[in-house]
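Got two chains here, each in a separate frame; can you build the complex from them with the hints?
Protein chains in written order, with our numbering: chain L, 1 to 983; chain Z, 1 to 486.
Treat the hints with care, since some could be wrong.
Computed cross-link-like contacts, DSBU-like style, restricted to lysine-lysine with a CA-CA straight-line distance of at most 30 Å [claimed, not checked]:
1. LYS684/L with LYS105/Z
2. LYS871/L with LYS227/Z
3. LYS962/L with LYS235/Z
4. LYS235/Z with LYS918/L
5. LYS254/Z with LYS962/L
6. LYS235/Z with LYS964/L
Bear in mind the hints are in silico, worked out from the structure with no lab data behind them.
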Amino acid sequence: MNTLSYKQLWPAALLIGLPLMSLTGHAAEPGNDHAQKMAQSLKLFTGQVRTIFSEHCVRCHGGEKTRSDFDLATRRGLLAGGELGVAVVPGKPAESPLLAYLQHAEEPFMPLKKTKLAAQDIAAVEKWISLGAAYDAPLVEQSAAEPGPMQVTESDRAYWAFAPLKDNFPQEASIDHFIKAGGPAAPRVLARRLSFDLTGLPPAPQEVERFAGDTSADAHEKLVNQLLESPRFGERWARHWLDVARFAESHGFEQDYDRKFAFHYRDFVIRALNEDMPYDRFVRWQIAGDELEPKNPMAMMATGFLGAGVFPTQITISEAERVRYDAMDDMLATIGSGMLATTIGCARCHDHKYDPIPTRDYYRMLSAFTTTVRSDVDIDMSALDATGNTDLNKKIADAKAALDGYGREGLITAFRSWNKARLESSQETAKNPEWVILSPDSLISKGGATFTAQPDGSHLAGGKNPALDTYTFTAPAPADNLRAIKLEALADPSMNRGGPGRAKNGNIALSDLKLSCGGRAIKLANPRATFQQGGLPIAATIDNNAKSAWALDPQFGKDHAAIFELTNPSDCKAGQKLVFTLTFGNNTGHNIGRLRLSVSSHDPAGLKLDGKASPADLATRKIDSLIRSAKGNFDDKLRARLLELYKPLDPKWRELEGNLATLESGRKKAITKVMISSDGNKVKPMRHHTSSGSIPNFYKQTHFLKRGDTRQKGEVATLGFLQVLSRGEVPRPEKGRSAIADWITDTEAGAGHLLARVIVNRIWQHYLGEGIVATPNDFGLQGAEPTHPVLLDWLAHELIRNEWSLKHIHRLILNSNAYKAKRRPRRLEAEAIRDNALAVSELLDGKMYGPGTLSEGMLRRSIYFMIKRSKLVPVMQSFDWPDSLTSLGRRSVTTTSSQALIFINDPHMRRMAEGFAKRLSGATDPVTEAYRIAYGRRPSGEELTGARDFLTGQQQSHNGDKHKALSDFCGAIMSANEFIYIE
Amino acid sequence: MKTENHCGRIENTYTRRQLLQRAGGGIGMLALNSLLLEEGLGATIGANPMATRQPHGFGRAKRVIWLFINGGPSHVDTWDYKPGLVKADGKKLEGFDNTTGFFDKAVGPLLKSPFEFKQHGQSGMWASSLFPYLSQHVDKMAFIKSFHTQSNNHSPALFMANTGVPRMSNPCVGSWVTYGLGTENQNLPAFVVMSDPLNRGLPKGHAANWGSGFLPGAYQGTWVRSKGEPIPNLKRIAGLSDMQQRAQLNFVGKLNAAHEKRHPGEMELTARIRSFELAYRMQQEAPECFEIDSEPEHIKSLYGLEEKRCSHFARQCLMARRMVERGVRFVQIYSGGMENARSWDGHGNIQKNHTQFAGETDRPIAGLLADLEQRGMLEDTLVIWGGEFGRLPVSQLSGGKPTGRDHNPHAGCYWMAGGGTRGGTSYGETDEVGHKAAVDTVEIHDIHATILHLLGLNHEELTYLHSGRRFRLTDVAGRVLHDIVA
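The shape of chain Z in the complex, shown without the other chains (with noise of 0.2 Å):
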């Protein structure tokens, strides 16, 4: 693991210029030259920051979906399939530090996985029995065998996978990717982040996940409930009609008109009359795109929306669907609320616990794929799945049974499916029972490169001035994983 490096530099010099040295041509300027944003001086592109913006170079991708798996999706359940650990259950593994997860105390012997794995598809892609649905489309999946992170803990943890770094300071994801591409409907935020609609609570340090960081605050995640107005400030005030606000909406504007004639050429000023002309269409047009009701039946059935446990994920992920046809970026929601019970962090009983969020998850996600998949979408939209971190083989004693797992820091899996990746493949491996990564091991940032690479930006290259440094997604790391891309 790479040493925390505070200032995003790291000690060895000839290992930062070989890292730089591979970033390649200097092409970027040319594509974001228009993005002339530092710190405070916002003002110079105030005209409008979510403006459609070239990428640095070719990308499959255009938007991104990412069901973020809360809590620590245990790998050795879900997709990463690991006879080692049937043979070794109930063992003691060896050397094993007990500081690895939260709980010290706890550590019971190796667990072998309650789900049956089956090889599945073409590829023969390996999938637990958790996922009757998601496991007819491991064709289309590009997993990631051998990922790993910094922390034990999850929103540190949290903070790694929307941020590059473990603490609350940076943009997350999202901003760094609306902040390079701006997005393709002004009507519409460009980055949507949805969360657990079943009052379990919010990933663990909240808003910051989806945070502009040093980025303008016009990057920042808008949260989008999916019941009820879906974002504020959309509805017309009551008592107004349309056509008395939009009278209203004519005065302001002749107000401006004079005022723009006494200062002349501020862009700034014209900019905010165009944010007026926007607002107004995103208030007639942003409700349409969250009216799921009006999809036909058989869609609603695709995405399991009549089926009651996965019914508010079906919400969702039919609502991102019709986000990102509309042009909308970056479309993150969250499986899961807190901690425990409330989310994917089955300390107590991985059975109960990880049947309970596939089973919300399983259909709609598959779902999403086939509707991508089936309306010619899959190609340029790039959908993630995976979370802070994986879990331990070793189990977790509850009530002194050995049922649950603990957090794992050093290993853990994600897949990502269309926009350019290459489904059907796999990349690198954990060790025997699934304990630490071992071949081909992957950080973020690596996924956060890879991410940006099939959105055509150049992760070396998106970087923004703060206090006097140049900061990027991938601090001085990061790779991109050829091997999956198509």
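With the rest of the complex left out, here is chain L (with noise of 0.2 Å):
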């Protein structure tokens, strides 16, 4: 297991002080055999150097890309040198860093981690250094003198962290198949890193002794289960994220107001990380829960993600459009860094200088938080927190209990039969499908108006365009007993304002429609369309007044519908003459320009207006898709899958629903103030004291920003994603967010694939020590590269299979050698460190959720810290905490005298040690007691007799206080190393 901690991950490259180019050496002056030389130099570069160059070189450091600025394609570009300075010094191959770095006598080793060239390449290329590194041509056409805007390519895409994840995995595959382990830790060192790592809390010493007597098979299972199931897992791992997610509860800047209802994110995080919320849909939701599901606390609380970053509230008029566009690439940049572990930001002024990210990509992107902002909105959290009536509560609990029960129960049998009178009811479907269009014997316009009939059974009117007309359409009856018909006015682009209609401004107005079957009226009832204008209904149509119409102001460009029942259909027999009369009588060219008509024999209450299929279609849809590619094979998690789709279906389901959703609207609203991230022209944004009432809170549009300077506009952007991470038709919903929620957990054609990886990178990251990738937040191309590529695609693929639970992916790490294997101790972050003193000592408040305090006598959970900006809790900051401006995937470890004076000195220290000696107080044996609840073991003899030792002495000099010297060891307890490092 120590090959996989602590290993020399980073290449001293990235280290700090990477050498600057000497400068002092200078080409060298041309001497006699100066021509003789170049010559000699060509012909190595001809022979030799190109191709190594051009095998090895370029791909990066020419033509389409110049990494690092340094373009060798070009002997100018070669000299010119690169962001690291000079390259290469012509006749001075030992004042060549280009050389070294190919030697690997220095940083960066090239090619960049890829295998040392073979020593007479470099030989060669030493030479023809020496002998003036002349070229006879560039080494690709049109090197990137002016590079154009940058190109994303499919080599970018096969990028081990922007290609799609590896399936082909060998049938044992696991963890241990993956990782050589060496032999697990001490049960008891198990449990203690068990519960620090889960819960954030010291097992209590009876459980640490429990787990280290059971010899049961799974008993390693069996306590990651029990931990997992803990509320304390939220609490413990919402910090993780809450530092990805740069978290604070103020603004900063100026006032460094405090966002007084900003918590709500937090206990969102808590939550969801409790309850196993799929990974994609926590990711959804703080993108944009709001859009999604308005009405879903959770995903209203989840939100707060996007408002969590700095604002300043002090704004002057010149500053505003650039603080703007600062807010919208804070969100940007941290669901770049934070979710995708892509550093979107850097794209902002330039083509991302690493990364396939243009600057353009960078735009689309920001374009959907255009209207985004904070605010504070009531929101009825009852169904989170049920408090009060406990009566209801019960009923409320029966009424889940029944619902439950028939869904592990009555339900699979209710679906086999709706399953099987649906398979013979479509059949009939088929025979006689719900619509048919009729295709007129003639069609007939009074006022001179021409037909042309459309392929797709719609007819286009041209030439005159009467002031008022009547267009007659005959057709004889497809079938006997017609019981509904549809009158569709589409649009065209032929038309003003692309219709439907023929009027200037694109309108109809249909005054009458009439229908008679053999010479029979038919009277016609309960039309319904897709719209209708105010005062223009549908209901005008059948009304017998020519005046009254039917218009559609101002959906034009749309096509549209109306359907009307038959009252008494069995007086139409099919092949019977159909006559439809519609009359405009109503307004001055009014009249419809492209028309289609239908009937239906169905039952006109089960018919769609505008075409699109119902929920439940596209469930029954799914379901026979489902069955069909299953092939007879139905395993559980198939049955699973056809039972959740055919739920809404099933009557019982939806009564049983009802009566739980009636029980529950019954219970008492609890409506809070939540900070949500929203769109501003529906919400009201949170505003800030500001200079002028004249600032926005946001702007219409998002620009193009040329160095991202908000004086040089260009063109407004669109919506767009990562060109580098989509792959094939996107989906595009109309809102901005949810489309980016979309593509962000789209496996097939968004980045769903790296969303996988990175998430489970961080959690092997925060239980290992490291990370499979050891930047947590930049997997690009300046970041570290996977040390077990294939296992990061394994888990990343566990994960997308599972239905993106996480607590699957802890298991599988949890329950792996590699995490049992014995380690080197590892410090605890400053809130566990806190934690473990109040836990010992008694002390702890596990009182969840809610507002936090800046106070640092809380006796709650450290992640109940109030988060001010300017204020950070300082035993906190002592201990590292973040500093919540930008995500942050790895928090640093620093040792400083300031955190030793808080274990010595700090009164809220002291208080703990009293509690623990307070604990202690009653035991027979109170140093085995106290090294049993702060280390999880028994005193060795030697460190019993120390300890009483000191005890002793420390009572003596206390005058015989023996709490006080209690005290004092509890204090000294909990100041060694074993207290806050874990092994």
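Following this line, the structure appears as structure tokens:
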């Protein structure tokens, strides 16, 4: 296991103080043999060096890409050097760093992250430089002298982080298969490790004893499961995510006003992790919960993510727009680093220097946040915290039990019979389609318009557009027993504003619709339309009033339809002549421009207006396709999936669910203010103290900016995604952030695979001390490469395959030999250090959720400290709390004397020592008890004697005060390394 | 003005190349190779982030005292004498953009300084009548009279001055310096900040002005109070004698020794054992550092400790001297609190405002310079005077009267003394009336580069890898002002 943690992952190139090239070297003065040497050099170039450069260097340093600003495609570029300074001094190989990079004598070793070149190749380059570094022609056509906009290529998409997950894993794939781990640590060590890792709290001494004595094969798994179910798990792991989310509860900057209701986001994270919310949903709601599920308090709380960043509250007019772009950048950059480990924010002023992210991708994504603002809104949180009426709560619990019970038992039977009936009736439907489009024997305009039949069965009006008109449409009835007709007025680019009417504004005004069959008038009833203009309803077409009419302003350029029921269907037989008379007597030229008529013999109540499938249809289709593709192989997972889809179609389920909903709605509403992020046009944006009232909260549009400068605006940016993480058609809902949410979780066409890689790496890092990728916030070219790429992909694959269950990944890791192996001690984080002390002193107040405080005397877990940017809680800050300004993937660990001063002199720490002493006061052997509580083990004989000696001496010097002596002892126990370092 | 570049890179590759090519040799690696610090990998030097480190090259200055003139001191009323402004008094400034300052609707005519300017010292440097004490020290000062910045608003400009970016995100100068050099006295904080003790608030942006940003938290400034307990947790808990605490710490030492034996070779564990010894010593020694009452009367008087209006600032200056004397690396003292009448933010009445704040600081700072000089410490202690921006030559109307001055991002003034600077010099000029920096203009990055240079640090080589980027205090800019370096 030692091979995994603390290994040298970082090439020294990434360390501090990268040497800048010496400038003392000058090109050799041309001597008499200059021309001769250059000729030799040229020969070497054409013979060997050109091939070496083309094969190993040009991919990154010439043509399409010039990483690190170094372009060796031409001699000029070679001599100009790059970000690291001079690369080659002609005639002086010893002063040419390029050579040192190739020789792996100096960082960065080249070719980057590839094997070293063959010795003879390096020798050739050296000789070539010594002779003068001649070129005969550029290495690539059109070298990047004037680079155009960055192109994202297939080779960019093939980079390990952006490529799709591998999926050809061996049958026996498991963490143990990928990693050979050393022997397991002792059970006591493991009990402590698991407890801190999963809950951030020490295990109870009796729990350690129990685990140490449990010899059953699944003892470890049982403890893992038990800890994963603890509500303390969410409190522990939420904090990891809050670092990533740069979460704080104040604006920062000038006044650093509090965001009093921002803590709900913290509570969302705790709850979501505790309930094992699928990670894709966890991400989607943080980006667009307000758009996706505005009625769900959790989804709304989640949007606090977007608004958690800093924001200046005192702005001058000249800064206002830049500040707004900064605020949007904060949202996008945090999504980039936090969710995709991609430094999208670096493409704000220029195409990304290292990763394939063009500036235009940046602004296209940024436009999704154009109207996104912070707002304090009232939300009914009763569904989250059932308080109050216990009777009602019981009824709710019963109703829930009934629903769950039916879900487990009755539902499957109901599904089977439903499915059987469905299959039978679908054969029927195939014979009898819902709508039959009528093909007319004649279609005549009284006013002289002409009609052209269209491939879709519609008829496009042309020619004259009379002021008032009547269309007569004649066709044979296709079947007996027609029960409904559908009239469609369709859009077409040939009309003003796209129609569907021929009026100047694109409108229609249909005043009457009459139908006869076989010469008998058929009465129409119950009309419904996709849209009706105010005062001009669809019902006006059958009211026998030639003046009243159905019209569509302002919904132009869209398809419209109306359905009418036939009141006496038996009067019409197949083959009889149907005559439709459409009168346009209401307004000048308001005639339908593209008409289609259909009839149906189905129950009119079930007919859809807009042709779009209902949710029920969609579910049925999905079920159908699942059953088909299963080809008779039904496993539990598929069954569960089918039942999940079927639930809303099952009457009994709906009834039980309705009962539950009714009861829940009777629960006392718990209206609470919550800070969310949402569309500034729909919610009241949080206003700030500004110099004038004229500064908008947001601007209508987001522009492409040159160099990120708001004074250099380009065109308006329309929504888009990172091209390098998009494959094929990515669906785009109208709402921008929902589109981002869809794309980022889309495992086919979007960024879903990278999303999964990034989160499994974070989990791995927190358990194993170091990620499979050591740079959790940057998987790009500047970041580290995965040490175990197949393992990373396998874990990501497991996550997606298990419906994004994070706890599944936790289990996989925790039950692996890699996790159980012996390890070096790691220091706990700030929260766990303080929570540990609170726990052993039994002062810990376990109250969950709600507003936090800045008071260091707080006895709740440290995650409930309020995070005020200008007043970070000193004890937390001292132990490397994040600055909460930008996303942080990994905290630093520093050891300072101010930390030691806290242990020695901080009154709060002393209070905990005293609490611990009080806890021990009844024990017959306080020393042993202290070791069991604080270290999870018994003291050795030597330790026992040492401690007793100390206690005796200290008690004497405190004039016999046993409690004081015991408190000093406890303070020492808590100050010692063993207390805050876990193995 | 350079356009803001979010990523710390500028578009013109040629320029960047040029900038980098000025970097000089690769000695940085050798000098700072003990600094293997990166995000999250602090553990590798967890041993002691504050260990003294050798700079890149030779630097005369070993420590810094930055007197932060908070709120925006008016250059045209302090050190930048503008005869052109006297002539143009009462006239309209043609072509002036009313949104330059903060109050675009209260722009008045040009306003000559209400203070009298005279030449002083052998160098003949100009100083206004605001500084009867400091004007006697102009031969020690190197003036920068062409400073300009990116924001016309306090907190972004404060962040610029302290961290090099107008946002709340990056480490400040003091953090970079202690990161680069460590400290000379482990028993005292390496980087100390003192703010206004008269309940006039903290500078805008508060602690972010002395935050360590993405650098490890160990490098953030320690906020020291000038009254009461200067540093938290320095006092032993009540009821515990030194002997009892010593016994307790010895016992902790025993526990740790046994633990270390089971985990040999762990640097972090060893470092933490040592941190307790350091803490104990700090507890013993630090209070002495802050005991200014022990200073002789003539020293107290030199700083103006008995003079009511400047007593508070005198205490802070004296504390600063005692701290640097004991090896504290970087001290920053803020003159003034928040905005308007609470700091040098003379919107309403420049005469009244600056008279007050110059009065609070003139004698203490002059005392500090004199005291450092007589102790032979000025030569390696860099003293800096300056704030976030200057003020406009046009007046700000207050109650209809042209008595105030608004923020001016286009011009401002700094001076440095000691620490290898060239006293009695002046660098750069503003235009005729002092509206904009005009000759040899200076950005904050240039000032930062110069501070680092004086300390022996190369601003292009002092870097920290964070989120995939190697960050610098000076971003991609910064130019050492060699003209003011001795």
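Outcome of the hint check:
no. : hint                   : result
1   : LYS684/L with LYS105/Z : holds (28 Å)
2   : LYS871/L with LYS227/Z : holds (20 Å)
3   : LYS962/L with LYS235/Z : holds (23 Å)
4   : LYS235/Z with LYS918/L : holds (24 Å)
5   : LYS254/Z with LYS962/L : holds (21 Å)
6   : LYS235/Z with LYS964/L : holds (18 Å)
Checked against the numbered hints listed earlier, the structure breaks none of them; every hint is satisfied.
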